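Residue numbers (our numbering), protein chains in the order written: chain H, 1 to 113; chain D, 1001 to 1114.
Accuracy of the hints is not assured; some may be wrong.
[To be verified] Listed next, with one range per pair, are the computed distances between beta-carbon atoms:
1) 1079/D / 70/H: 46 to 52 angstroms
2) 56/H / 1007/D: 26 to 32 angstroms
3) 1052/D / 44/H: 21 to 27 angstroms
4) 1008/D / 85/H: 25 to 31 angstroms
[Stated by the list, open to error] Among the chain H residues that face chain D by a calculated CB cut under 8 angstroms, a handful are:
5) 41
6) 42
7) 43
8) 45
9) 56
10) 91
11) 101
12) 104
13) 107
Source of the hints: derived by calculation from the structure; they are not laboratory data. As the structure is a prediction and not an experimental result, all values here were calculated from the model. Here a beta-carbon is modelled for each residue, glycine too, at the ideal position from N, C-alpha and C.
Residue strings, one per chain:
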Amino acid sequence: EAGVAQSPRYKIIEKRQSVAFWCNPISGHATLYWYQQILGQGPKLLIQFQNNGVVDDSQLPKDRFSAERLKGVDSTLKIQPAKLEDSAVYLCASSGDRNQPQHFGDGTRLSIL
Amino acid sequence: AQSVTQLGSHVSVSEGALVLLRCNYSSSVPPYLFWYVQYPNQGLQLLLKYTSAATLVKGINGFEAEFKKSETSFHLTKPSAHMSDAAEYFCAVSVSGSARQLTFGSGTQLTVLP
Chain H
1 EAGVAQSPRY KIIEKRQSVA FWCNPISGHA TLYWYQQILG QGPKLLIQFQ NNGVVDDSQL
61 PKDRFSAERL KGVDSTLKIQ PAKLEDSAVY LCASSGDRNQ PQHFGDGTRL SIL
Chain D
1001 AQSVTQLGSH VSVSEGALVL LRCNYSSSVP PYLFWYVQYP NQGLQLLLKY TSAATLVKGI
1061 NGFEAEFKKS ETSFHLTKPS AHMSDAAEYF CAVSVSGSAR QLTFGSGTQL TVLP
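My request is simple: use the sequences and hints to build the entire structure.
Structural data, given as structure tokens:
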């Protein structure tokens, strides 16, 4: 089966600019996660979707981050405006249901200048 | 809330030697535990998982881990290291009622010396 697809793989922007990341989960996976992985740290959950509804966004900095999954399939994560501390790898993961392991994409590496 | 501590941010072993990566967890309810591996510029790949069945869990690539409730540990081992095992390894925990959200440790970078 095809894995979790993410794009772009790399992005370089200046602070205060906006950026968007896209994720297409494994076909049929209802649950989708976005993680932020800062260099030298483990991934930290930003937001979890079940189909097109938000399950948990308690760790999403909502003043600058937003995410959507309008049709319950692919998802977009946006940052506006970006800050230097947003430099990280943004990972998308999906699972068939909450009891199944999460499958991860290769991530988008964001660098803020 | 649950948490994970990985002891040793960097571990070096010789090729053919035993690999031991340490993970301790904290959880007020029975946990599910996972080990993931991350190769450079890639996402995380599941090595193995513990879900309250057998305490000794076997995973891919010859890795295994043992759940020890009394020690709140879930250490990852492999009898003989291979050069291809060089990567970063993450231990993670999730609990029932948390929508199976994963809480990750800070990772252990494994270097395999020839």
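What are the numbers of the hints the structure violates, in ascending order? none
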